[in-house]
Amino acid sequence: MAGIAMFGAVARVSMWLAYAGAGRGSELLWPVLWQGMRYDLVAGAVSALLVALLAAPLWLSGRREQAVRCAQWLLVAILLLFALLSICEHFYYAFYKTRFDPIVFGMFEDDTGAILQTVWDDYPVVPGVLALLVAGLALGWLVPRLGQWLGLRWPAGSGGWGKATVLVVQCVLLLLLARGSVGTFPLVRRDVTVSADPFVNALVLNAPLTLYRAARVRAKETDVGTDPLVGVHRLGFASLQEAAHAAGLPSGEPGHVRAALFPTAPGTPRTLSSSPHVVVGLLESFGQDLLYSDGPGNDMLGRLRGELAHGYRFDNFIAGQNGTHPELENLLLGSPITPLTVGRNARITFDSSAALPFKRAGYRTAFVYGGGSDWREIGTTFTRQGFDRVYDARDIRQQFPKADGTEWGLYDAWLFRFAQALLAKADADGERLFLVVLTTSNHPPFQLDTAHRALPQDPAALGPRALPDTAELRRMLTTYQYQADEFGAFLQTLRESPLGERTIIAAAGDHNLRTHYRYDLPAEQVDVDRVFAWLRVPQAFAPAGSVPDTRAFAGHADLIPTVVSLALPGQSYFATGRNLWGAAGDGGDALAQFDRLYTPQGVLWPLATPQLHAWKDARHLAVEGVAPDAATAARVRRVAAGVALRDWYIRDQVLQKRR
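Residue numbers (UniProt numbering): 1 to 659.
Keep in mind that a hint or two might mislead.
Label pairs and their in silico Cβ distance ranges [unchecked claim]:
hint: 1; residue 1: Arg465; residue 2: Leu81; range: 51 to 61 angstroms
hint: 2; residue 1: Ala630; residue 2: Ala138; range: 50 to 60 angstroms
hint: 3; residue 1: Trp120; residue 2: Leu81; range: 48 to 58 angstroms
hint: 4; residue 1: His245; residue 2: Gly362; range: 31 to 41 angstroms
hint: 5; residue 1: Ala631; residue 2: Pro266; range: 24 to 34 angstroms
hint: 6; residue 1: Asp315; residue 2: Pro456; range: 22 to 32 angstroms
hint: 7; residue 1: Gly306; residue 2: Asp469; range: 26 to 36 angstroms
hint: 8; residue 1: Asp395; residue 2: Ser26; range: 55 to 65 angstroms
hint: 9; residue 1: Arg394; residue 2: Ser239; range: 45 to 55 angstroms
hint: 10; residue 1: Arg38; residue 2: Val134; range: 41 to 51 angstroms
hint: 11; residue 1: Ala634; residue 2: Ala428; range: 23 to 33 angstroms
Result set (EDC-like, lysine to aspartate or glutamate): computed pairs, CA atoms no more than 20 angstroms apart in a straight line [as the list claims (entries may be wrong)]:
hint: 12; residue 1: Lys359; residue 2: Asp427
hint: 13; residue 1: Lys616; residue 2: Asp520
hint: 14; residue 1: Lys359; residue 2: Asp429
hint: 15; residue 1: Lys657; residue 2: Asp395
hint: 16; residue 1: Lys425; residue 2: Asp388
hint: 17; residue 1: Lys616; residue 2: Glu524
hint: 18; residue 1: Lys402; residue 2: Asp351
hint: 19; residue 1: Lys425; residue 2: Asp395
hint: 20; residue 1: Lys359; residue 2: Glu431
hint: 21; residue 1: Lys425; residue 2: Glu501
hint: 22; residue 1: Lys616; residue 2: Asp315
hint: 23; residue 1: Lys657; residue 2: Glu377
hint: 24; residue 1: Lys616; residue 2: Asp629
hint: 25; residue 1: Lys359; residue 2: Asp388
hint: 26; residue 1: Lys425; residue 2: Glu377
hint: 27; residue 1: Lys657; residue 2: Asp351
It should be emphasised that the hints constitute simulated quantities derived from the structure, not laboratory data. Values in this document were obtained by computation on a predicted structure and should not be read as measured data. In this text, a Cβ means the ideal position worked out from N, Cα and C, and glycines have one as well.
Build the full structure now, drawing on both the sequences and the hints.
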């Protein structure tokens, strides 16, 4: 237990030194270490009970020396596992800006070879393995000797009753430690709150406990369960009726809620021949914060720069999720539950799918991905969601045999050439195409060994918080520039052709680049969540008398309602957000990971029991949260109710279609 507490303290101090930033005083660390030690003792007590149970058969059979050696090596293994998890979580936080969460399990559903290659290229694997081996040898030497030392000093009792009493007392002490308290309630979730600073609170738990918590959340989300109201209750609503009332609906009867979740786009329906093509682009790791460094000596846009004036760029667009696959489920299925479409759920058809309104209107629908369609089962999933075809690297290579790429997918130039060809063919055939494009090039290991335009770079333009490894930073900048430049080339080619006046384009980054900066969280949370977003609507399809409010807060949940409203008047769609064309009278709002609500007043989280972190300036938040005023609290509750209703609807679909 002492070893686990020591490792836990070292892990917390390491995360503090790496990620706390200069603005936090060490006085905030001491409560973390004290409360964290309590959780470490819980983990240690549970480990001791586990070791005792595993060694008990040997002990009871009379082989006591073997039982002691078995217990000692089990303890060494547990300590090494604790250290390994702590090290992995340290680097996980550097990448995802959060401690272990359900996304960690999704990594095993990616291309395993690509994941291992990325880890090998980007992280100190060899030094880490050597350090663990040295630690294992040191513990293997130390633990038996420490056991002998304690054995000579630990009370053993005399006689049968004395030994039994000592054993009972030890078991009771272990149980109390495993409970986390004596004479009060056991440690619970609220006990991690030792400060008004979310970063400080995040350090309290140790790595095994954060992994356990992530596993429980994932199990609830993936398995969906048998109760469609799980999400409703988690967001603080006693019933579907209460959530419906908070969302402003006149009735919470399930049929009325379902009807309210599928509004009809206003306007007179068009014939198919007079309708536009629609392209929705999801751009890998295209965060907004790197664009603040754009300038003559550090060109982050390339050919995209010339296209921005031909559409609308949104300044406050917030990523809905923190991973590509969760973002796909959010964008194309409107799902607050993720991962949703894995395992047996991959074969369920969800009527919330973004492709279905277009399919009903007679469109041809396609999804194009530069990687393999077996990734996260998207080939299986999206062909059941109203997409006529899911094209992947094999299809692109069939048309362009010289197409090259990385282990994650083909380079974006080939992806966009393929998308352009699909649009041209559909137009020539008299069809209308709804096309979703997912890029892959701006992704670790940030490799670009293909022909591309060389754009000027200046890593110094990123400022003092940038990654100190200049060579790695240049590789990141190169793939970021490449994606922007090739996307710009695609837009330019389309705009300069007759097809451009018949095509609506909406594009956004899926999440930010992650590892190029060290962020001071939560003060700089907005730089983690804000991504590039752009919308182009030909004049023939732009509603007269209004333009988008590009300063208002918006997010991925708004993209499908926007393109359906612009392209398909008279069609119903799943109500995940608002139509971005037009003013947002309240300044808009946007959800990050269905937990952080961005508003003009500040960012509020967690969604169920929000604290307001007010804006200090356009890119920084107050570290400490405060209770929101009544109007803001009502706004958050209305948003939470909308999420709860969508959560209920998705779960209800799964349960009904499994019967």
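Hints, verified against the model:
1. For the pair arginine 465 and leucine 81, the supplied restraint of 51 to 61 angstroms is violated, since their beta-carbon distance comes to about 33 angstroms.
2. Range check, alanine 630 to alanine 138: Cβ separation about 58 angstroms, and the 50 to 60 angstroms hint holds.
3. At about 21 angstroms, the CB distance of tryptophan 120 to leucine 81 disagrees with the hint of 48 to 58 angstroms.
4. Hint check: histidine 245 to glycine 362, Cβ distance near 38 angstroms, so the stated range 31 to 41 angstroms holds.
5. The beta-carbon spacing between alanine 631 and proline 266, approximately 28 angstroms, falls within the hinted interval of 24 to 34 angstroms.
6. The hinted window of 22 to 32 angstroms between aspartate 315 and proline 456 holds, with their beta carbons roughly 24 angstroms apart.
7. Against the hinted window of 26 to 36 angstroms, the Cβ-Cβ separation of glycine 306 and aspartate 469 comes to about 32 angstroms, which satisfies the hint.
8. Between aspartate 395 and serine 26 the beta carbon distance is about 56 angstroms. The supplied range of 55 to 65 angstroms therefore holds.
9. Take arginine 394 and serine 239: their Cβ atoms lie about 49 angstroms apart, and the range 45 to 55 angstroms holds.
10. With their beta carbons about 29 angstroms apart, arginine 38 and valine 134 fall outside the hinted range of 41 to 51 angstroms.
11. Distance hint for alanine 634 and alanine 428: a CB-CB separation of about 52 angstroms, inconsistent with the stated range 23 to 33 angstroms.
12. Proposed proximity of lysine 359 and aspartate 427 is supported: the alpha carbons are some 16 angstroms apart, at most 20 angstroms.
13. Between lysine 616 and aspartate 520 the alpha-carbon distance is near 14 angstroms, which keeps this suggested pair within the 20 angstroms criterion.
14. For a cut-off of 20 angstroms, the pair hint linking lysine 359 to aspartate 429 stands: about 17 angstroms separates their Cα positions.
15. Using a Cα cut-off of 20 angstroms, the hinted pair lysine 657 and aspartate 395 is violated, with the two alpha carbons roughly 32 angstroms apart.
16. The straight-line distance between the Cα atoms of lysine 425 and aspartate 388 is roughly 15 angstroms, inside the 20 angstroms bound, and the hint therefore holds.
17. For the suggested pair lysine 616 and glutamate 524, the alpha carbons sit about 10 angstroms apart, so the restraint of at most 20 angstroms is met.
18. Of the pairs offered as hints, the one joining lysine 402 and aspartate 351 is violated, with about 38 angstroms between alpha carbons and a cut-off of 20 angstroms exceeded.
19. At roughly 15 angstroms between alpha-carbon atoms, lysine 425 and aspartate 395 fall within 20 angstroms of each other, so this suggested pair holds.
20. Annotation: proposed proximity of lysine 359 to glutamate 431 holds, straight-line Cα distance about 12 angstroms (limit 20 angstroms).
21. For the proposed pair lysine 425 and glutamate 501, the alpha carbon gap of about 16 angstroms is at most 20 angstroms, so the pair holds.
22. A C-alpha spacing of about 17 angstroms is found between lysine 616 and aspartate 315, which places the hinted pair at or below 20 angstroms, so the restraint holds.
23. Only pairs whose Cα atoms come within 20 angstroms are accepted, and lysine 657 paired with glutamate 377 is accepted, the gap being roughly 19 angstroms.
24. Taking the CA atoms of lysine 616 and aspartate 629, the gap is about 18 angstroms. The hint holds against a cut of 20 angstroms.
25. Of the pairs offered as hints, the one joining lysine 359 and aspartate 388 holds, with about 9 angstroms between alpha carbons and a cut-off of 20 angstroms not exceeded.
26. Between the alpha carbons of lysine 425 and glutamate 377 the distance comes to roughly 27 angstroms, so the proposed pair goes past 20 angstroms and is violated.
27. Taking the CA atoms of lysine 657 and aspartate 351, the gap is about 11 angstroms. The hint holds against a cut of 20 angstroms.
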